Amino acid sequence: MTDLDAWQERSRAWLASVAPEFGREARAGLSQDEDLAVGRRYMAAKYDAGFSGITIPVEFGGQGLSPLHKVLFETLEAQAAMPIGYFGVSTAMPLPILIRYCDDKDWVRERIVAALKGEEIWCQLFSEPAAGSDLAGLRTKAEQGGEGWTINGQKLWTTFAQYSDYGILIARSDPALPKHKGLTFFWIDMKAPGVTVRPFRLANGDIQCNEVFFDDVAVADSQRLGPVGGGFSVAMATLMIERYAASDADGFGPPIGAFVELLRSHTINGRPALRDGRVRSVIARNHALRQGLDSIRRRAMLIMEAGQEPGPEGALNKLFSVRSRQKLSELALDLQGSAGLAYTEGAYTKADWAASWIGAPTMRQAGGADEMLLNTIAEKILGLPQDHRPDKGVPFNQIPA
Amino acid sequence: MTDLDAWQERSRAWLASVAPEFGREARAGLSQDEDLAVGRRYMAAKYDAGFSGITIPVEFGGQGLSPLHKVLFETLEAQAAMPIGYFGVSTAMPLPILIRYCDDKDWVRERIVAALKGEEIWCQLFSEPAAGSDLAGLRTKAEQGGEGWTINGQKLWTTFAQYSDYGILIARSDPALPKHKGLTFFWIDMKAPGVTVRPFRLANGDIQCNEVFFDDVAVADSQRLGPVGGGFSVAMATLMIERYAASDADGFGPPIGAFVELLRSHTINGRPALRDGRVRSVIARNHALRQGLDSIRRRAMLIMEAGQEPGPEGALNKLFSVRSRQKLSELALDLQGSAGLAYTEGAYTKADWAASWIGAPTMRQAGGADEMLLNTIAEKILGLPQDHRPDKGVPFNQIPA
Amino acid sequence: MLYDEGQHAMAEETRRVLAARTDRTRLLELLDRTGAWDEAFWATAVEQGWTALAVPEEFGGLGLGLIELGLVAQEAGRVVSGAPFLTYGHGAVCALLASDDEDLLATWLPRLAKGEVKAAVAFAEDDGAMPAAPSVEYRDGRLHGTKGGVACGLAADIAIVSASSPDGMVLALVDLGQASGDELQRRAIGSFDNGRLFADMTFSGAPATVLEAGDAAEEAALDLQAQMAVLTAHEQTGGAEAMMLAARDYALERKAFGQPIGAFQSVKHRLAEMYGLVEIARANCIHAAARQGEGDFLEAAACARLSAIEAYDTATRDAVQIHGGSGVTWDGGLHLHMRRARSLAIELGNALFWEDLLATELTGEPA
Amino acid sequence: MLYDEGQHAMAEETRRVLAARTDRTRLLELLDRTGAWDEAFWATAVEQGWTALAVPEEFGGLGLGLIELGLVAQEAGRVVSGAPFLTYGHGAVCALLASDDEDLLATWLPRLAKGEVKAAVAFAEDDGAMPAAPSVEYRDGRLHGTKGGVACGLAADIAIVSASSPDGMVLALVDLGQASGDELQRRAIGSFDNGRLFADMTFSGAPATVLEAGDAAEEAALDLQAQMAVLTAHEQTGGAEAMMLAARDYALERKAFGQPIGAFQSVKHRLAEMYGLVEIARANCIHAAARQGEGDFLEAAACARLSAIEAYDTATRDAVQIHGGSGVTWDGGLHLHMRRARSLAIELGNALFWEDLLATELTGEPA
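Residue numbers (the UniProt record's numbering), protein chains in the order written: chain A, 1 to 401; chain B, 1 to 401; chain C, 1 to 367; chain D, 1 to 367.
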């Protein structure tokens, strides 16, 4: 562990050194555009310091280190509340996909370095109005003709598309095949003619998600990623990366310690809140749950360090942690009395109970809804049968809408 | 309400007068056979006093009164813990079915009077090893030939079959029809040749349930109830009666007041248990739940009194009350410390926490498992689609076992 | 208790009127502003006479009670409408009726009945929903101290305030319009549910009239808190039912894997559980409204409040979940219910307050 | 912490041996008797050296610790086997090791290691799992008073007892075989899980040897309670996993409406939730076992205990429900787990005890 310990120390030291410039306090009160600009400067500084693209090979501009190095740095980075939100999708999924499926390696390296430095941003064009949990149901069309492809259709839930230079996209290239077949993967220039991006607002007030319209958008065949009709497995690989990237035993809400500190000065019907059995039960049970999730994560890291595949129990984190966050946040608001009524849009979900509460339902959808996760556990881990799926094996254009 | 008030007063007075002879204290320590004998004497006394067969027409030996009279009497009777368990199935479902479907009215009257007096006992032969929630999947065969029918097969979960003189039975008369069709209803002489009854023990130690085997049992066509192939709707009518009969906001476990009294002398980590926030929460929430169920029941009674059909929310009682009973009983054991370890087989579930705890899972199955009740609410009340049923419309003998 | 025909008709009519006059866009806009309220609702409430429902006839009211007000509250909850004035106006009516000062009654009740006056009720402080010894003090006809998070606080014309005095707790009425800027400060709370008009109210010598003092004040305060809680429970139940039905409709319409998502048992059972919570809350609400003035009213009110909090919280959480991505967009508007479920759960004492109150009623033991 | 190869092999072997030697009929028979225990399990435990696992080598043990004992406990829990002597024997070992009396250690540890001596640990009284001032008193070398519901109480040869004395709390060892019938009475408790050998133990002057006194006794008592709780948590986790897998297998096999009931989402999701609870409990158990002797051991033990109680309770409740009617027959035997889940939840301090203990560790505030 000495190498990793040294890495962790180095990470901690660097993050501490840049915290005054990029940390939460430095950004308080900024508009989203101003905050993004700070974020771009942070990404450039991180690149220069050698903490960008930790698992990306050196020849593509990364550090060529292990997933463990990545987890260690990113845990500290999250604790330090650095402005990385805008680049999370951009640097997580599209880059490994490009490396694997794109032939022009020089171009790929250019893109990766630009993305890691925060100069360019990538988005991920997956979900559609009629295809959320059921990704294979998507309708955006890719028609082949002449030199390349023409894209028509609509994507939804595209995070930070409004700031994106490029995107990776999955589209239906053959509607006559059953729905899991007939999908193909591309990269897209988001500034190309025919691409329209419309940001919309989420329940918590954030403007991060977009509708993206494709109106006869021309795409070269060289922009295709993977074989024609092979898009579903590319997308699945991408989503698996996403699921494991989202691992925080607090569900990206405040930790139990913050709950304890919040209540230290409060009373419940005249008695100190921390002496109330209900509060003690909530503290103890949520702590035990999160400790368990944390032990699972630490064990997985040890297993990865030993060069083996971690167990399937890693899939539990998002499901259990976000539900815990949701109810704990509700209670934290309730217990504060009138102070619990206050709300500041855009507050940090790991430090602000109202932001954590109102954002929790979105987290329960992102990267797989609870119901999908439960199905996956039941089917993939416990070996239970698939649900009834009337659309199985039916050509896509014959499924009743 | 004066007529009903008078009825309630009269019921209360009579029950109080016979409590010393038949009540819980009088029966403490009796074996099941001895207890049954006391029960038969109680039934005879109740018949003589005019409280038997409250909703059964006078011409069949009943009182010809309203469902409201019945509910009022039975609520008091349950509170008084009279020995009625052995006769619950016997007098609830089979008697109305006989009245409706059996042609020999004199014989029916004889049977009803004998059942009401506790001289004869009826059982209900529905469930089978391969047909629990899915009643229509049953396999016991009724083959027509000559004057009557021949029954072969096996029933399971038949309550008090070991004491029964007669039973009502549903069997498959035509396996070539889809599974809901092809069922026919009969009454059976439980002492007939070829009927074998094997009692088995439940998790709580009780011996109430039986396997019943039919080995070439001859049944006259006059014993048929309802048309050939019309058995499913007869069974459904029977089960609906059962569902509404099982209505107690405490789920037939101890009331909240008993929980409060139990804890009055206990401490939790040195503090009076009733001052602990967790205990207070449990008391308050379970009370609120049960008060709600009780209000629903009282409203339904008022509606019935006004001659109208009560709302569908009556279906909630068993689901919510038994779950509440189950968890509350677990907690009651836990909170008693070492006293919570004691157990007496056969104790009364409304007065004994261990008996209530260990019997709760059986109650969650009886008269419709939780999952079936939830499905019924979702489909019948909320209008949601049926689950996928691969067996729908398929001839019974072509469904893969 | 069964609703009679008149009550049924009133509920129908209220629902019809509110459905016609409620505009989600307008409600969404309110979230971004402080100090603004659902004026269309309030105008409707005044026009329909809802403000007069529970005021005695001699003071220009209709002389009805919690049952009728509860019906209106339930319909208001259903459309997440409802400036908070109806509930708190009723609180003020109760507080006034608890006093026997005919002048005061004659001054304020007719104006409350006509909706000319909007009221707030300020009991809560940092130390709880109903502190027995408020930090706000009443001395020589004036109030001193701060009440936090007062609903309606930004728009109310009068406030009913609990305060400590040499005679024990008092319930005092403040004519907010008569107090000078030095005597009264209202600080807006930027909230997740701004239409509730939350404000911290600081009294620096604002003139006040005592309605009740000592034990009578404590009793009156508890009774009017319970009455307001029963109205709020109706509002929560209406909201919960709306969420359940929205999720049901979505589950019938939205398809995944080739069938409506309502055919999946996880969705079906979630909805069936919601139905159960809504009906239990409703039964408790109706019962509580019918027990107004009886010895078990407090207990019945606590049952209504607890089951309504649970129903609304669970229904919003689960309905949003069933809606998938479209449950979390701004324009989809489900967060209107999410926010309202939270603000109503905090106003009037949180679940722990009512658990303790009910447990005390049932066990005789204080917390 | 990752199990090493030796530990993995040990778990496998333990599972194999227990699967071969556990007989459900025998376990069911135990329910109808008091004073009898799972003798085949105990003989196996002695033969396999499980009793010696955590005893220091100098006293004839293997010098291993909670990790290895936990592995055995988990496998014992899986088959609802396990006379309670393993857990409480370890408690006695810990108590002895906390003293520095070499004679005592030399007298008892080798016999505990060989399984010649069965131990009970008697802390609980009416007033809680670990009363700070026990009602049982230690005076002039003898004990007076009653401990209620002592697991192993009917068969133990020695007991570790907490008692009050002029020097504060003491941990005392009683050689039960040496006490006369006047000095010691064991009253069998007819229980729902008779194989745990519950007894009320009344001491009327039974001779006892003090192992620790005062603060050291309180610390030692808490540490050994935590160690036993970690073993019990392993046992509970094993039981929970067995229930989950039984329900999974049943769901794959049992058909309703033309398909395996495991194809219905209500069943699938229930099982997936159970899986989660089991894995979280397991992770906490492994972590706690690895933290033995560290400053955060008590906290880790509480986490393990709480999540294991929840996992076993939920898994039995839900597995029985998934089994439908066959879950509630005597012969089906699922009630063995139901009963064991309850007895293990009550022994060693219920969930509320551990919640409070953990909350105190995390907040610094007592209950």
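In short, the hints are calculated from the structure, not lab data.
Treat the hints with caution; some may be incorrect.
Claimed, not checked - Heads up, incomplete: computed chain A residues facing chain C, CB under 8 angstroms, no partners named: (1) Gln-8; (2) Asp-134; (3) Arg-271; (4) Pro-272; (5) Gln-326; (6) Leu-333; (7) Ala-342; (8) Ala-369; (9) Glu-371; (10) Arg-389.
All values derive from a computational prediction rather than experimental measurement.
Using N, Cα and C, we set each Cβ at its ideal position, and we do this for glycine too.
| query | Taking the least C-beta to C-beta distance, is Asp-134 of chain A closer than 8 angstroms to chain C? | reply | Holds: closest Cβ of chain C sits about 4 angstroms from Asp-134 of chain A, inside 8 angstroms.
| query | Going by Cβ atoms only, is Ala-342 of chain A closer than 8 angstroms to chain C? | reply | Given a least distance of 5 angstroms, the restraint on Ala-342 of chain A holds.
| message | Take the shortest C-beta to C-beta distance between Pro-272 of chain A and chain C; is it under 8 angstroms? | response | Not OK, violated: Pro-272 of chain A not within 8 angstroms of chain C, min 11 angstroms.
| Status of the Gln-326 of chain A interface restraint (C-beta, 8 angstroms, chain C) | Holds. Min distance 7 angstroms.
| said: Let's test the interface hint: is any C-beta of chain C closer than 8 angstroms to that of Ala-369 of chain A? | reply: Where the cut-off is 8 angstroms and the nearest Cβ of chain C is about 6 angstroms from Ala-369 of chain A, the hint holds.
| Given Leu-333 of chain A was flagged as interface, is its beta-carbon under 8 angstroms from a beta-carbon of chain C? | It holds, given that the least Cβ distance between Leu-333 of chain A and chain C is near 6 angstroms, below 8 angstroms.
| task | Classify the hint on Gln-8 of chain A as holds or violated, based on whether any CB of chain C lies nearer than 8 angstroms to its CB. | result | Violated: closest Cβ of chain C sits about 35 angstroms from Gln-8 of chain A, beyond 8 angstroms.
| Close enough to count: is the Cβ of Glu-371 of chain A nearer than 8 angstroms to one in chain C? | 5 angstroms, holds
| Quick one, is the Arg-389 of chain A hint okay against chain C at 8 angstroms, beta carbons? | 5 angstroms, holds
| message | Just to be careful: measuring from the Cβ of Arg-271 of chain A to every Cβ in chain C, is the smallest value less than 8 angstroms? | response | 6 angstroms, holds
Going down the numbered hints, you'll see the structure goes against 1 and 4, while the others check out.
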